[in-house]
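**Student:** Here's the letter readout for the chains.
There are 2 protein chains.
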Amino acid sequence: MSEIDQMLAANGEWLTEFPGGLPVAPARKVAVVACMDSRMPLFGLLGLAVGDAHVIRNAGGVVTEDTLRSLTISQHLLGTRSVVLVHHTDCGLQKTTDADLADLVERTTGHRPPWTAQAFTDVDADVRESIRLIRSTPYLLSTEVRGTVYDVGTGELREAV
Amino acid sequence: MSEIDQMLAANGEWLTEFPGGLPVAPARKVAVVACMDSRMPLFGLLGLAVGDAHVIRNAGGVVTEDTLRSLTISQHLLGTRSVVLVHHTDCGLQKTTDADLADLVERTTGHRPPWTAQAFTDVDADVRESIRLIRSTPYLLSTEVRGTVYDVGTGELREAV
Chain W
1 MSEIDQMLAA NGEWLTEFPG GLPVAPARKV AVVACMDSRM PLFGLLGLAV GDAHVIRNAG
61 GVVTEDTLRS LTISQHLLGT RSVVLVHHTD CGLQKTTDAD LADLVERTTG HRPPWTAQAF
121 TDVDADVRES IRLIRSTPYL LSTEVRGTVY DVGTGELREA V
Chain S
1 MSEIDQMLAA NGEWLTEFPG GLPVAPARKV AVVACMDSRM PLFGLLGLAV GDAHVIRNAG
61 GVVTEDTLRS LTISQHLLGT RSVVLVHHTD CGLQKTTDAD LADLVERTTG HRPPWTAQAF
121 TDVDADVRES IRLIRSTPYL LSTEVRGTVY DVGTGELREA V
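Chains as they are written, first to last, in full-length UniProt numbering: chain W, 1 to 161; chain S, 1 to 161.
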């Protein structure tokens, strides 16, 4: 059974828990920017209810042009004002370098990607840089921008330092 | 209490459910690309367990350079091969146009954003275009790329047409 067929089948169970229709604007006026890591079910680990927060996720949880596009729509169109970043321990982007990833992709497929992987070594430094990028974007409306690090080994979330 | 303080406090409850440490590579070898909409708790509505799938999310669930960067890392570095797109009804990006959003941001902040919002009208057409972009990226390793539309009013997920 393909992945999508499994998901479509699993949706039947979801219908028994579905909380009903909610407004498009997030109730808690918050946007979460997090890594795509499979071990972070953000609604559970941040105590979010359905409808509470936008969730923006990419490799690393880094701030790219696409992150800023999403945050702008979240804030200007749908009224969020707080931004909470969630990076984590044992990240795939700590296990490579930008050059190594580009080399690997080129060796495997014959094509070198037109972007950099955005690998990093120090997770707290990466959160600080992400906070700086959001705060220095002049067309955003953020009132609170803070960052966290999730420990995938223990389940604990702490504020970045 | 600030949003981040609430989330840090909520994390105590999560620790009672935390399933323990898991490998960094997603167990089901799948990456989900979805909209940031607050009404889509993807683990629940797709029947995903912690550790099953990468989750990439942005405004609209559209395929941008950052989406391709994330998928590349997901596939080349962490072994995923299926991609499942999740767009939805009542999307914020169906309620504006690229020009209207840029005008709104410029009027509010004095700065015009350097990207386009990627607004759309037909959700199925937008899923098809996202599938096309992923399938035509020569440095990806996808074996299955399919798309769905989630109905935020009923909780039902269907394959895009």
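FYI, nobody ran anything at the bench for these hints, they're computed from the structure.
Nothing here was measured: the structure is a model prediction, and the numbers come from that model.
Careful: at least some of the hints might be erroneous.
[To be verified] The calculated lysine to aspartate or glutamate pairs, modelled on DMTMM-like cross-linking and capped at a C-alpha distance of 20 Å, are:
1) W/Lys-95 - W/Asp-5
2) S/Lys-95 - S/Glu-144
3) W/Lys-95 - W/Glu-106
4) W/Lys-29 - W/Asp-151
5) W/Lys-29 - S/Glu-129
6) S/Lys-95 - S/Asp-124
7) W/Lys-95 - W/Asp-122
8) W/Lys-29 - S/Asp-90
9) S/Lys-29 - W/Asp-5
10) S/Lys-29 - W/Asp-90
**Student:** For each hint, tell me whether it holds in the structure or not.
**Tutor:** Hint by hint, here is what the structure shows:
For a cut-off of 20 Å, the pair hint linking W/Lys-95 to W/Asp-5 is broken: about 32 Å separates their Cα positions. At most 20 Å may separate the alpha-carbon atoms for a hinted pair to count; S/Lys-95 and S/Glu-144 exceed this at roughly 31 Å. As the CA atoms of W/Lys-95 and W/Glu-106 are separated by approximately 18 Å, the hinted pair is consistent with the 20 Å bound. At roughly 25 Å between alpha-carbon atoms, W/Lys-29 and W/Asp-151 are farther apart than 20 Å, so this suggested pair is violated.
A threshold of 20 Å between alpha carbons decides the hint, and for W/Lys-29 with S/Glu-129 the separation of about 30 Å lies outside it, so the pair is violated. Restraint check for S/Lys-95 and S/Asp-124: satisfied, since their Cα atoms lie roughly 16 Å apart, inside the 20 Å limit. Of the pairs offered as hints, the one joining W/Lys-95 and W/Asp-122 holds, with about 11 Å between alpha carbons and a cut-off of 20 Å not exceeded. For the suggested pair W/Lys-29 and S/Asp-90, the alpha carbons sit about 18 Å apart, so the restraint of at most 20 Å is met.
Under the criterion of a C-alpha separation no larger than 20 Å, the hint pairing S/Lys-29 with W/Asp-5 is consistent with the structure, at around 14 Å. For the hint linking S/Lys-29 to W/Asp-90, the alpha-carbon distance of about 18 Å falls within 20 Å, and the restraint holds.
Of the numbered hints stated above, those contradicted by the structure are hints 1, 2, 4 and 5, listed in ascending order.
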